[in-house]
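Colleague: As they're listed, the protein sequences go chains A and B. So the number in the numbering used here is just where the residue sits in the first sequence, counting from 1, plus 1. So the number in the numbering used here is just where the residue sits in the second sequence, counting from 1, plus 1.
Read the hints as simulated data drawn from the structure, not as lab findings. Predicted model only: the values in this text are computed from it and were never measured. Please note that the accuracy of each hint is not assured.
For each label pair, taking beta carbons as the anchor points, the in silico distance ranges come out as [to be verified]:
id, chain 1, residue 1, chain 2, residue 2, range
1, A, Pro850, B, Gly25, 45 to 51 angstroms
2, B, Arg323, A, Asp699, 31 to 37 angstroms
3, B, Thr116, A, Leu14, 40 to 46 angstroms
4, B, Glu254, A, Arg739, 56 to 62 angstroms
5, A, Ala709, B, Glu42, 44 to 50 angstroms
6, B, Gly25, A, Val712, 40 to 46 angstroms
7, B, Gly148, A, Asp791, 54 to 60 angstroms
8, A, Ala709, B, Gly40, 50 to 56 angstroms
9, A, Asp699, B, Ala82, 43 to 49 angstroms
10, B, Met2, A, Pro850, 57 to 63 angstroms
11, B, Met2, A, Ala709, 42 to 48 angstroms
Chain A stretches covered by chain B per the calculated footprint, using a threshold of three residues with CB under 8 angstroms from any CB of chain B [claimed, not checked]:
id, stretch
12, 117 to 125
13, 839 to 850
14, 870 to 877
All C-beta atoms, glycine included, are put in the ideal place defined by N, C-alpha and C.
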Amino acid sequence: MTPHPASTVPPGLPGLARFSHVRGDWHYLDNGAELSAHGIRPVGTVLAVHGNPTWSYLWRDLLETVTDRAIEAAAAVGEYPDGVQGAWRVVAVDQLEMGLSARTGRRRTLADRVADLSALTAELDLEGPVVTLGHDWGGVVSLGWAVDHPDRLAGVVLLNTAVHQPDDAAIPAPLRLALARGVHRWGTRTTRAFLETTLGLARPRLARDVADAYRLPYRAADDRAGIEQFVADIPASPEHVSRPELDRIADGVRRLDVPALLLWGARDPVFSDRYLDDLVHRLPRASVHRFEDAGHLIAEDVDYAPVVLRWLGSAVSGDDASASGSTAAGVPAFRPMWAGLDERAADPASRTEPAVLDLTTTGAGRRVSWRALDRQVRRIAAGLHEIGVRRGDRVSLLVRPGPTLTALVYACLRIGAVVVVADAGLGVRGLTRAQRGAWPQYLVGETTGLAAARTMGWPGVRIAVDPLDPVRRRVLGVEHELIDVARTGEGVDLPPEPGPDDDAAVLFTSGSTGPAKGVLYTHRRLSALRDALATHFAVGPETGLVTGFAPFALLGPALGTRSVTPDMDVSAPRTLTARAVADAVKAADARMVFLSPAAILHVVDTADRLTAVDREALGRVQTFLSTGAPISAGLLEAARSLMPAAEAHTPYGMTECLLVTDITLDGIREVADAPDAGVCVGRPVGAGRVLVSALDDDGAATGTPSDAPGVLGEVLVSAPHLKERYDRRWLTDVAAERDTPTGHWHRTGDVGHLDAAGRLWIEGRLAHVLTTPAGPLAPVGPEQAVERADGVRRAAVVGVGPTGVQQAVAVVEPVPGAGSARPGRAPERLDAAVRAVSSVPLAAVLLAPEMPTDVRHNSKIDRARLADWAAGILAGGRVTLP
Amino acid sequence: MTVLVTGASGLLGSAVARALVARGETVRTLQRRPSGVPGAEDVAGSVTDRATVAAAVDGVDAVVHLAAKVSLAGDPAEFTAVNVEGTRTLLDAAERAGVQRFVQVSSPSVAHTGTSLVGVGARPADPDRARGEYARTKAASELLALGRDRAGAGGGLRVVAVRPHIVWGPGDTQLVERVIDRASSGRLPLLGHGAALIDTTYLDNAADGIVAALDRLADQPSAVHGRAYVITNGEPRPVADLLTGICRAAGVEPPRWRVSAGLARVAGGAVEAVWRVRPGDDEPPMTRFLAEQLSTAHWFDQRETWADLRWRPAVSLDEGMRRLAAHYGGTAR
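Bound conformation, chain B alone (with noise of 0.2 angstroms):
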């Protein structure tokens, strides 16, 4: 099978295509920076730009879309270029090649604004009502990318939507090494109490659910096609809890002080680098949606998730926090 695997110069789209080489598939990679992943074929470019995305799905059987423009602030119409009308081409480009299965890499976002959820299972996405201009781009690339299945009798291409929450693990750039930067130079704040549950979802755990929903796609008849599914280890946790494990892990001292979560709300803060995901110097300042994701729940239902992608986390929060431990030379708690 050879599987085109789009964003692999990211933590996440590297992890998928290392996963796919490891077990014999040919992969092919779309992103602007090499990929990086040993045995992969690269293509540069953006799926913006429709002839380099025609080459790179030409003779492909499956595609894995994980490219987008992620973070918390910017020109939107960038946001809708790359994520919206990336996806789209790069649909319109599968669909002509004869792809038969698409997965579509989004986020709990696109379904859930800031209100605290608990326990809560994959809604529709909902592009008016999600949160930022990220949310609101891949609510509606992920509506536009279902809206593609055409999985029947006779064959067609086959889509589902992979939402994994919160993704962490060794080398992770954007979340823990930003954690672990705020926190040793004395800057990072709980917000609020820090006891609201978060569960995130450990890298390997989140690759691995991604390929099983690939497989998934070409299962007869198949489960899953058509649908959304939530992503994450299914072990919530307190989010002081969390970045307090990940500054053990990472042998600097946790924060000790607190921001009130309204304070935080209504003025901003420090935090936003947290959880900004693309590096550069365009560092945004601490938006609502922020505010909200770290002081009020995000946990999910994820019976359903296990059940139809036959998939089970492999790895614990307490096993990934060990291995984060043992890459950055801290003690896992």
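For reference, chain A alone in the conformation it holds in the complex (with noise of 0.2 angstroms):
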């Protein structure tokens, strides 16, 4: 081949000259000239490196984004400080033997690039401290940069990218297929396969102009040389050449002591989760956001640049001030979530009476006791360690309530195994999306789990809780059964324990409010759950528990008192009947219940064929929780009448802090005639905190935090059992933790407002906001008063028109037999029945013959499908069903 200089770039790049510079064999972008030309000084520099087959055309973004707002905000302030915030010097140089840099003839491995960035830094003279930039295996390159450049780094950032690839593990396809003998020249150089397949990639196509100036300086076969020489140095055996510099790499990345933001396009062919996984284990303190929609070429499906200078001021330059909080002052001792099952077992008066009782037909009338729970806890938490379970190892839990469930829930929090809770109600999509996005190590499951898992292709080491054979134990690709990894953990010490701050959990959101997402919590978060719930309803060893909601089943050993499972199928409520509940609390003698609303509807509906014992025994019930989802009034009461003694409560809480405030039946009596809307869930739990952020006329969030009562908006919490952060979503956690007060808080996405008596109404979700001429406009309220009408069932309150000028109006869903059920404008009589009721104005009311739900609850009704349906109706379009 031909060798060739260094150019800068040629006209027709738009935006790229001014920044485009040429030193030695080098070609690279920086924008520190024109910074010093605004008289800025930045912060710090970002060492940008690109992959293969791109070249600094992919930093584009951020060269632009970083370089005009900081001359916007230096004019802004009128004179010219040092270190304008958010002020980055941008250096995103183009490889040697790539993009516009020089084509030398000379091959080069890893160690040479990183030895060749070096070089070329120290000639740059850059700036403060240093923040390297990589994709693909540019990621590599700028990451031997920041292991060579520990007193220069402040961070690090890493887009799609590898530095580990196991020996047991095959490298991706693609790659093997660019690798493969008589395919590699040809396909990286002779023709542009591996350019162009490349390019494909983005999610959605590139704009012909962006993929031209991909091709640009790779348009001729010689130019392509360094495609085919960076495919031939992946490190794809041990023997290979680059293959110690990578290892050096792997291990200097964990010793890496600075702020990592990790965005990581979930659709990479090559760079899979995987991946991700294993930079996660290396940079246990990344910021991590996974994109579920971008692909490999993330920096152009994703708008990546406002994030990454967001990250780079609240991570690196400290800007953001309340960034922290978990560890803030007044935190209540911690006591591990295993301390009640262990006080209980060791203490003999106890240790032989049950902790976990098991009255489904699966379960077969299981009782454990407190010792014998412990024993299994202990065997399966060393087996676990012993087959190479480690601390922050992730383990997914495919396993129905139950006393097995709760023996591997408290075995990994015991060995910091964080376990990940994916309920069979989001479907097998959403799960597989629960469980690509977590990414657990091992995977626990029952054989229909299993199955899943192969079928879907989950992630994880397969550990079988059933004894399977032969046949299915292969197909099934099951490496371990639980009985045997319990036998291996007999006798065995336990590992340490892990700390109050490391991940215990990633419990997902329902997926009814969006799609599901995984929640984090702590052993401190979830170890204060455990206290709010005990301190507040006044759990003592003594209680026990019914437990027909499965969350609240797990936490019995960690309360120290018995739980009891009803028969019921647990994964369908509607199963539990009246005698079901009085039977479990005759077997556990339990002064404590709880219950989903949809549960409770089938107990109050069976409650005919209880006996006078079994009256008798719901007769000792002092408390009586409904959770999980709003109940009314009516059904509460109901279920009260079959438990006269309890005091009836109903808290109202969500994924990220599953107690938030509660209210006793008597409660709701109390506020019956208050002129608020929507429906009051009561006060904070324990140290829990509510505000609330006014709405703006756009319906948006934007007031500061406040407890002044009667403001509608967006409900914000804190609470020490309040989630620790999103998984893998930071741009989620930033979102949810925007402009909120010092400490630790968490925009909730529901709406609602605080009495003067500090309770507190919720009356919908953000999203769910009306915004009319008069202001924005909650929908529960309205919606409660419209189903006081003759002939409504249930009703929804949407808006139609653009923001801010939208009209409400009335969709509802007729009692059966009351009349004509026809789609589309009400007859006149309802129509007239339900203005005469309504507390706001309507500009229309439609009937819709049933609501459209929710798959997981059916009680979620789809405001924003039946929102769209009544603006088609409303402009004058055809009527069909919503």
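Join the two chains, each given in its own frame, into one complex according to the hints.
Modeller: See below:
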């Protein structure tokens, strides 16, 4: 090939020429001169390294955004102070033999490339602390620089890359193909196949001019020598010449003590989630955001530049004072989740008493003593550790609630493994997204779960809960059986306990208000949940719990009291009968009953079959909780009538904070005549706090969080038992913690108001707020009013029209048999009845024969869909079913 | 203040003239027939007649221009003569007479074609795309009037355009009484399913809005001069609900049968009289424009109108229906 020198960006690439420089063999983009021309001294330098087969063009948005913002900020200040906030110098190099850098004809190994880069930066006189930024194999080179310059390094940012290839795992298929004998040169150099394939990975497709810009330095076969060499330099085997350097970097990364940001396109055929997981383990402090719909060319697929700048501002320059908060003052003393179990098992007075009872058909009346449970937890914990499960490893539990799940959860917690719990209610697609997103190293399942994992390709070493014959074992890819794991752990010492701020669990949101999100709890926060529950509901060793709602079933051992699952199919709450509840109360002499609203409905419906003995047992229940979804006062009342001595509670919470507020049936009666709109959910539980961020005219929650009564806004919560963060969703965290007070707060996405007595009223979801000319309008209050109209079974109040001028429309589902059920404009009489009781002016009353609801709960009305439907009809469109 | 109101024999013109008289202004009117407005000085004649117009504007401070040829069909030349040239004649005369303020009463149809309008603001008038001779010529005359706006430090004519949307009220022979007439003889079909949201303007609100625009022109500085505002009740309702309400108010049975919107658009139908504003024997066939008006949504973003005119509709739709019922002896829903 003919060597040729580096060149600057040719004309015709808008915006790039201003940054384009050549120094020796290097071409690089650099905004340093421009910043300096404006008298701006940067706070530091971002050193950006592209991968193969792209070039520094990849980073154009970052250069433009950071430079233009800095110049704007400086102009706004009117003077040019040192370190204009967010003013970063960005140096984006074209690696040698790549992009517009020189073609020297030399073959370069990874070690060469790391050394080349260091030589260049020594010449360039980088300013301030340095943050490296790398994509694809540029990520490895940038990390090589990072490892070699610990004194200069202030942070690392990585986009879809990898630093480690396990010896026992195949390299990604597309790379195997590119490396295959006979394909390699042809695919990478002779033709543009590798280049075009890579450009084709963009989601959505690249615009023609962008794709052409990527092709620009690689038009002739000779220009593509660097692409060929780069592919050849992939350390695909342990013997590869670049393998020692890769391993050196991979080990060095573990010792980096700087903030890190990982932005990941989940749909990358090369750098799959496996590599993200490896990096997360090496950089445990990293902020991670996994973009589910982005691919390998994530810098093209998502608007990454503002994200990187935001992170630089908060994590590196420390502009954002409220960034931390989990270790705020006043954190209560920490007692691990297994402490209650340990104590009851150690106490001779209680060790043989039952800890967990399982009256479900599958459990067949299993009764597990404290001692037995403790022993099983210890055996499984030690066994898991023996087979390689380590602190921080994730263990997905696809096991139905019952003593086995309970033992597994406590075993994992004890050794610091992070339990991943995704409800089967998410459906196979939802579960697949959840499993891919959380990327567990181990997957413990019953046969159905293992089969789904096999079919859908979920990650994780398979551990079977049930014994399997060798054929099924092989078919399901099972490596261990739980019984063997437990046996392996017999008599083996447990590893050291995890710390309070280690990750403990990833729980998934229901998915009824958007795609299911992983929510991460640390040990400290899980324990705080246990403590909040114990204190607020006065749970003691002798309380005894009937747990017809799965999440709370797991808390029994932590609370140090026996828990019993009644005879029901735990995944189908409508299978629970009143007699089954009574039997459970008798079996555990329970004083406290947890049920979901769906279960309560069936319990109330089957109350006529209760015997006198049953009723007497239920009469001993002191506390009764309806959890998991809102419940009507009438239904709560009906359930309470079966447990006349019990105080009925209905707490309000969400996956992110399971207990926010609580109200009793008496409390609900007390506010029955209050003028407030919405559902009263009571006062904060324990040390929890609630504030409201007022809505503006566009329905956005922009108000300063406040406890002023009567202000409609987004509900913010803070509590020791609030989630630590979302899992691998840094941007979601940023949004949930946006403009919150000092400490650890969460924007719930619910809207409502506080009353003068400090009670919280929920009025709907932020996404469902109407923006009318009279201001924002939350739907729940108006819906409650409309539901009082004769002939109305359910109602939704939705907005039609543009933001700020929306008209309120009532969509009503009529009581069956009460006249016409044709979709469209409500009949005159129904229309008049609805308008007569409505609390807000209504542009129209529409009839929906049946409300569209979410599959999971069959209770949450799909208001977004109804709003679209109503808008179509009211614009004169066709009348369809919603 | 002396105000000239043109077209004061019509429902809205009369209401505007009465409102101005009621608050003590000196009111002169210009139209071909007697205005019937007590306390106003009538000048009889057409806006197309220069001499009459010159006499009418002599000595007035402000003009509210409502006179227009309002019809769904007719000779295009006649529309142009009255709506465009008449307005030009009036503007010329007003400028010469040193008139300070000019309110051009226009129509939302000057800016909007037959597609559904969902919460939109007042867009610029567009004579090329407006549908039908009325809308086309009203668009041209609105542009003409706003083009004469000369507000500045040194004074000069200030012009604002106000576009009330579907004005109705007791005594309304055009919409209300035709609906009643048709419904009572069983000839009032609903177009389509009747759910399209239509915003209308109760008569008194439209008159108040026009007077408010006149007052805002006097502000120093004026936020409204040179601009156009849509005026409505801000209470869109399904068209069928409105027609039903009118029928109930009049004590007649509301329509029960339907014509599909598509069919009506193709074949025309019987509803033309609902919107046919000028009574007479030249009843036009139903036009596509009308069918679209009644089967697609027409409602507006009123925030800017409310803020700039410092005006809100005082009579709600429900109150308007009650007044209608009181007038016709029916029942308000």
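Colleague: Just to be sure I understand the hint, the distance between the Cβ atoms of Met2 (chain B) and Ala709 (chain A) should be within 42 to 48 angstroms; is that true here?
Modeller: Holds - the Cβ-Cβ distance for Met2 (chain B) and Ala709 (chain A), about 47 angstroms, lies within 42 to 48 angstroms.
Colleague: Note whether the CB distance of Pro850 (chain A) and Gly25 (chain B) lies within 45 to 51 angstroms or breaks it.
Modeller: This hint is violated: roughly 58 angstroms between Cβ atoms.
Colleague: Return holds or violated for the Cβ distance of Glu254 (chain B) and Arg739 (chain A) against the range 56 to 62 angstroms.
Modeller: holds (57 angstroms)
Colleague: Per the hint of 43 to 49 angstroms, is the separation of the Cβ atoms of Asp699 (chain A) and Ala82 (chain B) within bounds?
Modeller: holds (47 angstroms)
Colleague: Please verify the coverage claim for the stretch 839 to 850 of chain A: does it have three or more residues whose C-beta sits within 8 angstroms of some C-beta in chain B?
Modeller: holds (count 4)
Colleague: Do the Cβ positions of Ala709 (chain A) and Glu42 (chain B) conform to the proposed distance bound of 44 to 50 angstroms?
Modeller: violated (58 angstroms)
Colleague: Go ahead and decide if the range 54 to 60 angstroms is satisfied by the Cβ distance of Gly148 (chain B) to Asp791 (chain A).
Modeller: With Cβ atoms ~57 angstroms apart, the hint holds.
Colleague: Between the stretch 117 to 125 of chain A and chain B, are there enough contacts, at least three residues with CB-CB distance under 8 angstroms, for the coverage claim to hold?
Modeller: As far as the stretch 117 to 125 of chain A goes, the hint is violated, because 0 residues have Cβ atoms under 8 angstroms from chain B.
Colleague: Is 40 to 46 angstroms right for how far apart the beta carbons of Gly25 (chain B) and Val712 (chain A) are?
Modeller: Since Gly25 (chain B) and Val712 (chain A) have Cβ atoms about 44 angstroms apart, the given range 40 to 46 angstroms holds.
Colleague: Look at the Cβ atoms of Arg323 (chain B) and Asp699 (chain A) and judge whether their distance stays inside 31 to 37 angstroms.
Modeller: For Arg323 (chain B) and Asp699 (chain A) the Cβ distance comes to about 35 angstroms; the hint holds.
Colleague: Honestly, do Thr116 (chain B) and Leu14 (chain A) meet the 40 to 46 angstroms range at C-beta?
Modeller: holds (41 angstroms)
Colleague: Is the listed coverage of the stretch 870 to 877 of chain A by chain B valid when you require three or more residues with a beta carbon under 8 angstroms from a beta carbon of that chain?
Modeller: holds (count 5)
Hints 1, 5 and 12 from the list above are not met by this structure, while the remaining hints are.
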